[in-house]
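Residue strings, one per chain:
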Amino acid sequence: MPLAEPDEKTLLEHARRLDERALSEIHSRYYGEIYRYALYRTGRSEVADDIAGEVFLRLLDALHAGRAPQTTLRGWLFGVASHLVADHFRRAPRESVALDEALAAPGTTSAEAESNLRAREVRAALRRLTPEQQHALALRFGDGLSVEETAQVMGKSVNAVKVLQFRAIAALKRLLNVTEMG
Amino acid sequence: MNDGVLIEALDDCLRAMEAGATLEAVLARHPQLADELRPMLTAVQSVRPMQPLRVPRQSEEASHARFMARARELRRSHSRAARGRWSRFSLVPRLALAVLALALGGFGVVTASTNSLPGDPLYGVKRTVEQAQLSLAPAEARPALEREFEQRRLAETQAVLTQQREVEVEFTGLVQAVIGERWQIAGFTVQVRAGLAGDAGVGDTVKVWGRTRADGLIIAARLEKRAEGGMPAPTPTAEPSATPPAPTTQAPALTATPQITETSRPTAIPPTATPTPGTGVSPAPMNTLPPTPAITNTVSPTMSPPATVAPAPIVTAAPTTSPPTTVAPTSTGDDTETPEPEEIEFEGVVESTGGVWVIGGQTVVVNAQTEFRNNPQTGDWVRVKAWRLTDGTLVARRIEKKN
Chain A
2 MPLAEPDEKT LLEHARRLDE RALSEIHSRY YGEIYRYALY RTGRSEVADD IAGEVFLRLL
62 DALHAGRAPQ TTLRGWLFGV ASHLVADHFR RAPRESVALD EALAAPGTTS AEAESNLRAR
122 EVRAALRRLT PEQQHALALR FGDGLSVEET AQVMGKSVNA VKVLQFRAIA ALKRLLNVTE
182 MG
Chain B
973 MNDGVLIEAL DDCLRAMEAG ATLEAVLARH PQLADELRPM LTAVQSVRPM QPLRVPRQSE
1033 EASHARFMAR ARELRRSHSR AARGRWSRFS LVPRLALAVL ALALGGFGVV TASTNSLPGD
1093 PLYGVKRTVE QAQLSLAPAE ARPALEREFE QRRLAETQAV LTQQREVEVE FTGLVQAVIG
1153 ERWQIAGFTV QVRAGLAGDA GVGDTVKVWG RTRADGLIIA ARLEKRAEGG MPAPTPTAEP
1213 SATPPAPTTQ APALTATPQI TETSRPTAIP PTATPTPGTG VSPAPMNTLP PTPAITNTVS
1273 PTMSPPATVA PAPIVTAAPT TSPPTTVAPT STGDDTETPE PEEIEFEGVV ESTGGVWVIG
1333 GQTVVVNAQT EFRNNPQTGD WVRVKAWRLT DGTLVARRIE KKN
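For the record, the sequence lines run as chains A and B.
Residue numbers for the first sequence follow my numbering, beginning at 2 and rising by one.
Residue numbers for the second sequence follow my numbering, beginning at 973 and rising by one.
If you are wondering where the hints come from, they were derived from the structure by calculation, not from laboratory data.
Be aware that one or more of the hints could be misleading.
Across the chosen pairs, the derived CB separations fall in these ranges [claimed, not checked]: (1) B/Glu-980 with A/Arg-91: 53 to 59 Å; (2) A/Asn-178 with B/Glu-1112: 54 to 60 Å; (3) A/Leu-58 with B/Glu-1153: 28 to 34 Å; (4) B/Glu-1120 with A/Gly-76: 33 to 39 Å.
From the three backbone atoms N, C-alpha and C, an ideal C-beta is built for every residue, glycine too.
Given the sequences, and given the hints that come with them, work out the whole structure.
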């Protein structure tokens, strides 16, 4: 029997009662996005795995304690993921520049090495952006969210996200020393 | 240059590139800003993954298993807390109950009614007290109380069937199978006449009002589809999400992962399904779904090896103490040969256990013949050897925990 897709508000309402089907639906709907977000930010699949799993366990704790997200569940999940990424970097500040699985392209050995080197530079540059800029770029490019979706997740206006995106990219351009000629 | 113009131009370029346009093509849309846009878009190219980021199915399944296991733990502690709150409930409702109890003829009557069954003289007292408890309970304690009463109705129905009594019963449970007018609901065989059930079907949670018969059948007088676990009943048209998900078509791992939902639960023909061991009532095998844990915890279907499970046509739900082979079609010459079950192997994470396991999104029936190696538990990665019956049911031969 096909299941109608309940909207986020309905899901949240049932999730507050720890309804099994609602929780399962929430996990299947958002796990991929949260995993990709964490992978984009950290560059390591095992860290992304830990962070994504932890985000959902924290959701359960919040629901159980009556601190369930009130407005946007998706935004809440990304927010927790963002905090966990920050915690990860606080614990292991230099760890994630060693290997990058999110940005490196497959290729020959030398191409791979070159690619890894470039990816390391890019990741270092990303880490120097403000936390909000990093969050926005991860949503836009790691998860492929539109500006409108990013605005909804971040609780900002579309124009504010456009400005944030512009400033993040401009900063990135400077940090990567991309010339006018590209 | 005005930043506002550049911000809009950059956004326009990014949208066009996301739609598949090349760098040169998008720059051509803004020739006067091309020199400023080019390095920015080049920077974007370096931070945009070469391919959509892949979500490993194993990660998602393991997380799902942990998540659901933790949810079950919390639900249990929630129920205990609710019961605790009830027991420490404030004086006013307690006094109200006491008054009610006295009005009903004293504490002795209420106590005596506790173990009464449908048809007993004191059964009405028991239900009245329950109603009073429900109406006086604080809102947060009500769901747990309702679940408790639903469990009581199931136990009572089982008890009167065991005693071969013919009385009015009501209970709520999952529709596990439908064959003609014979329905398997919460482990009971129920006769549901055509048109009584509306659009309810296999996988739905329903409330049944009916009458038990000495032969173990329940004749439904009324049947109502319920929202399972409080979820709204599925509707044919999906309501648009308030926050539409990101374009996940590029992430097949997310959308292709089977979930434990009605849509992926196979209808199954377990070898035998007895409502409760020792009752002497063994409904014939039917197309079934695993029982809903919240309601049918007390129901533990027993299974025979699949070799004995020839898909028997259900012509009667009269109780039988014989194994299902006795009702399997014998070779009469005009019947087609019973297909052999196929043996398969697969690996996955154990998402839930019980009479029916969910492993890697697949529902697997276990029985007394299933061999368990290395004590597999929820969350473990296991290798499964199973028979796939002709209807798709998987019956586990062996479940082995892998390192």
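Outcome of the hint check:
1. B/Glu-980 with A/Arg-91: 53 to 59 Å: 37 Å, violated
2. A/Asn-178 with B/Glu-1112: 54 to 60 Å: 59 Å, holds
3. A/Leu-58 with B/Glu-1153: 28 to 34 Å: 46 Å, violated
4. B/Glu-1120 with A/Gly-76: 33 to 39 Å: At 36 Å between Cβs, range holds.
In this structure, the earlier hints numbered 1 and 3 are contradicted, and the remaining ones agree with it.
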